[in-house]
Amino acid sequence: MNQKTQVQIQCTTIVSLTRTHVSYEIKDDVAIIRINDPNSKVNTLSVQLQQEMTEVMNEVLGNEAVKSAVLISSKPGCFIAGADINMIQACGTAEKVSSLSSEGQKMFERVEKSPIPIVAAINGSCLGGGLEFAIACRYRIATKNKKTVLGTPEVMLGLLPGAGGTQRLPKMVGLPSAFDMMLTGRNIRADKAKKMGLVDQLVDTLGPGLKGPEERTIEYLEEVAVGVARGLADKKVPMTKTKKIQEYVMGFEFVRNQVYKTVNNKVMKQTKGLYPAPMKIIECVKAGIEQGPDAGYLAESQNFGKLAMTSESRALIGLYHGQVACKKNRFGVPDREVKTLAILGAGLMGAGIAQVTVDKGVNTILKDTTVEGLSRGQQQVYKGLNDRVKKRSLTSFERDSILSKLTGQLDYGGFEKADMVVEAVFEDLNIKHAVLKEVEAVIPPHCIFATNTSALPIKDIAAASKRPDKVIGMHYFSPVDKMQLLEIITTDKTSRDTTASAVAVGLKQGKVIIVVGDGPGFYTTRCLAPMLAEAVRVLQEGVDPKKLDTLTTGFGFPVGAATLADEVGIDVAAHVAEDLGKAFGSRFGGGNVELLKTMVEKGFKGRKSGKGCYIYQPGLKRKDINPEIEEILERFKMTPHPTVSSDSDVQYRLVTRFVNEAVLCLQEGILNNPVEGDIGAVFGLGFPPCLGGPFRYVDSFGADKIVEKMRRFEDVYGNQFTPCQLLLDHAKDPSKRFHK
Amino acid sequence: TIYFLSKTLAKPNVKNIVLVDGVRTPFLLSGTSYSDLMPHDLGRGALQGLLNRTGVPKEIVDHIIYGIVIQEVKTSNVAREAALGAGFSDKTPAHTVTMACISSNQAMTSAVGLIAAGQCDVVVAGGVEFMSDVPIRHSRKMRKTMLSLNKAKTLGQRLSLLGSIRMGHLMPELPAVAEFSTAESMGHSADRLAAAFGVTRVEQDEYALRSHRLAKKAQDEGLLSDIISFQVPGKNIISADNGIRPTSMEQMGKLKPAFVKPHGTVTAANSSFLTDGASAVLIMSEEKALALGYKPKAYLRDFVYVSQDPKDQLLLGPTYATPKVLEKSGLTMEDIDVFEFHEAFAGQIVANLKAMDSDWFAQNCMGRKSKVGVPPMEKFNTWGGSLSLGHPFAATGCRLVTTVAHRLQKEGGQYGVVAACAAGGQVFLPKYTYAQLARADTEYSRGATVQVFLVHSFGLFSVHVLCMKMTMCKSVQKHF
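Protein chains in written order, with the numbering used here: chain A, 23 to 762; chain B, 159 to 638.
Since the hints were derived computationally from the structure, they do not count as laboratory data.
A few of these clues could be false.
Straight line, CA to CA, 30 Å or less: simulated DSBU-like cross-link-like pairs of lysine-lysine [as the list claims (entries may be wrong)]:
#1 291(A) - 568(A)
#2 299(B) - 233(A)
#3 469(B) - 214(A)
#4 214(A) - 512(B)
#5 89(A) - 419(B)
#6 405(A) - 419(B)
#7 469(B) - 193(A)
#8 217(A) - 232(B)
#9 168(A) - 412(B)
#10 166(A) - 118(A)
#11 527(B) - 217(A)
#12 419(B) - 257(A)
#13 512(B) - 217(A)
As the structure is a prediction and not an experimental result, all values here were calculated from the model.
Chain A extracted, bound-state conformation:
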């Protein structure tokens, strides 16, 4: 049989014409359709690609000699990454977006109903529209490449899978898995996809042979896919069987209703009704299953159109673009690559930084002053990696090999080879100065000194340095392995190369990066401080921590203000509030700092000490309000002002102070642009993603309305609510917008 194949391969026809994105070749009776967007690293379902694909489909399906087809991408690492977002945004009206969706539906319906079997050969990302294309095919083969991921991330852009995804996915993987995929938008690795029934067959990645590994792997995938396509046409390869038990169970209406109900409740609980897309996804799936495909497809295209016009979707798409922008190094390529990075302080932060550094192949030195501290830190790194082993995203061998690059130590040995030192020691200027001097005595001249502080001005720290051009701030967020943001702070003296190098390291660590100017609290801490001050005042006015949390999460913050304070640490919050209070004066007032200090005195430092606003018990998920805090709150009690104390007013008091401070940071030049401001607020502080960040929120909500609210609060509380000049400018002139 193989010999026959070899002979057959020789009679091939290559058809390309003038198409640039899609080409095809006919090997005997199998058409191989190749996708390759010449202008991008990834393939997206753009107008051009869709048009060419339709032409190719017409030709292939019209050719009687073709008995089966294979759909494959020529790009290593990408099958189809999704629909072209710009294409959707350019539409303008819901109707246009809906028609775009129904065109997509029709194209994939044709693929699904094609008289010849079409096999999707997937290597690399197969997301959104790409996945919808793949599941319309008769059979799917995926490589076990780490880059091969399948998913429907539309929900993260406030959209839904609009080209048949909501209709086909439940049939393919079952209702529960389909909901899970579409509502979380998470990526699914090839092996998992095989188990779920999302792909039918897996193909190994290959090492170097007579060609490079990537090139040969794609070729091999194609060879296997061609074999399967031919087998399907000859009926020698059976279709993968569906999961019968699940199908049987889902056949009962009451079971399905139970599923809808559970999913609905879960979504409501998580989104607080602030995100329309998940509800619409449930609606579309339900329509398709309960009322038939026509209703399902119609619901899908119409809801897709509606969602594309929502401010939530715009906000999320804005964040997506912002995130892409913040994953680039606008300072160019640094002179030297950081190959050895030393970290001072093996606390939560230091060990977290070590973890995200060492797994990128960088030699990492973790230094602490005590064996206990060091041991705890190294355990943390081990645990972080071992959790990935448990999730099977890493093998135990890879874990050990990664850890071999981590050196834990108590002295400065090896610092002479360090290219960068990140200090994560206690937030005290004197200690930072002492450490800086010690380090500068042992590091080589090119070595960069990065300080991880959340509030101390970098120039104050750099004042003790012999070479301030090599000093920079790198503000990580805890837990470092989970929080995506890195805030880099430059002083007037920081050299461009130092900045480029810090950004390069951050990008390597997988961070989304904003680069901001120096000043007390930089950008993120400075925005958070007034909001927390307001939160303390709200507590003093008699709102209990649970209620405060409900109000903040109800506005879209993923973590409530009281919980956030516990997570950050009441001592840190007190420290920051006091420092920034000194720097900015009464504008940063509101709640009484003494309240926080009293809590710290009593040992209520937040989660780390087991008690804060809440009580934390290991193993218990439920948290109760710390009863002892009531006495403290009673002591600092203030009378609420009835005119500004409705639930909604409390929410706006918290948010407007945050937003105003963010705009002021842009006005003062701490921020380089509004995009970084939005990204920093959302990824670092949990500003409601559905609002897209403070700047997008000003655009969508209206600067005038914000100013109006602030003026009302200003009358009661004074300058803490005085809108900044830039915000006033925007309020006066509605044509002024932060985002075009």
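With the hints as your guide, set chain B onto chain A.
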């Protein structure tokens, strides 16, 4: 000129080391006639056979080194158990080495090292593998409970420990069928390697068929003279390998892929099978061999071990090692008369041949200017190989070296090369690869002899010797 060459290949101030003779038990499919034995029984057979064939006086053997991969825990120093059982002197120290499929190569090169260092003059090396019985353990949880049970003091403690046993505890643990570092089985790796080099199913089946046909021919012509008969205690005498099965391309084509399903190309028929067997060789310094009146079969001159990425290059060792050993000794591919490469999988051999023939591979993976060059097939494994004769992991190395010596004698060649990738069949860590270069010489007999070139940094070596002395003292104390 032959004489001249032999003089230049000998290294100044290094003793010439020779292979006096080598034997092996018949290699049998596991689960057949040997199935009730233990590993040291087979080792004993090979060692006894070597004694009988060479007539070497037991008391002059300075040391015995044996290789094994899957260890029987009761006989962890299998070298010692086999040697005592074979009637070697109880005054001769014996130790066991392991290095996956090249364990007996390791035994031989360790022997070469001992002789070169002046520690020994006469060393027996060999290897055994017994796949009819492998250690299957209780689960870790169960073992932990059982060990705690030993320490429990009261009945209450014992009962509570016994009560903690759950169904899950009773699941046995089989020897790993996957590479520890990559969690990939050897067959799976071979299939990926074949795919990477575009080796087709047909090419693999053809190569496997060739191996079986050549082995059958060698068997019929009585060329496999390294085999000594083995009397299975209480049963019949075994005197021939039983895995040689030349069939047809059609028959082989019917098999389904064994590892990568459904599109893979490696099948049971084009892979080496699980085998029971043992081998042994007698290695001496040239002076000693001559003094004892032996006509050695070969010089063992030089060797190279290389390692590479255990994931994508697991089985490509021969490609890397062969040019290295040739270049070290100033020889080229054309100078070699006999090639014996270990055949783990037909796909692996064909992939290596393709790699050796590829400029791309040489330039991109080996840092060479041009390709290594392919051994001519008429010189390559012409008496069969591991695919057909069988592959008892730790016994294969000695079979390869003895076969090179015999082929050189028979075919009248001068130089031979042995290469083996340490592929643990289905079990082990095969990132080590090994190649030996052997050279024939007419100095001792009308027939040919083999040389395996030896290199060692002497600085390093002296430290090694010191350690070895200490271990030997310990082992002597232990045994007596």
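Going through the hints against the structure:
1. 291(A) - 568(A): Judged against 30 Å, a Cα distance of about 16 Å means the pair holds.
2. 299(B) - 233(A): With a Cα-Cα distance of about 47 Å, the restraint between residue 299(B) and residue 233(A) is violated, given a limit of 30 Å.
3. 469(B) - 214(A): holds, 21 Å
4. 214(A) - 512(B): violated, 35 Å
5. 89(A) - 419(B): Holds. Residue 89(A) to residue 419(B) sits at ~24 Å (cutoff 30 Å).
6. 405(A) - 419(B): violated, 35 Å
7. 469(B) - 193(A): violated, 37 Å
8. 217(A) - 232(B): With Cα atoms ~42 Å apart, residue 217(A) and residue 232(B) exceed 30 Å; violated.
9. 168(A) - 412(B): violated, 34 Å
10. 166(A) - 118(A): violated, 38 Å
11. 527(B) - 217(A): violated, 45 Å
12. 419(B) - 257(A): Cα-Cα ~18 Å, so holds.
13. 512(B) - 217(A): violated, 36 Å
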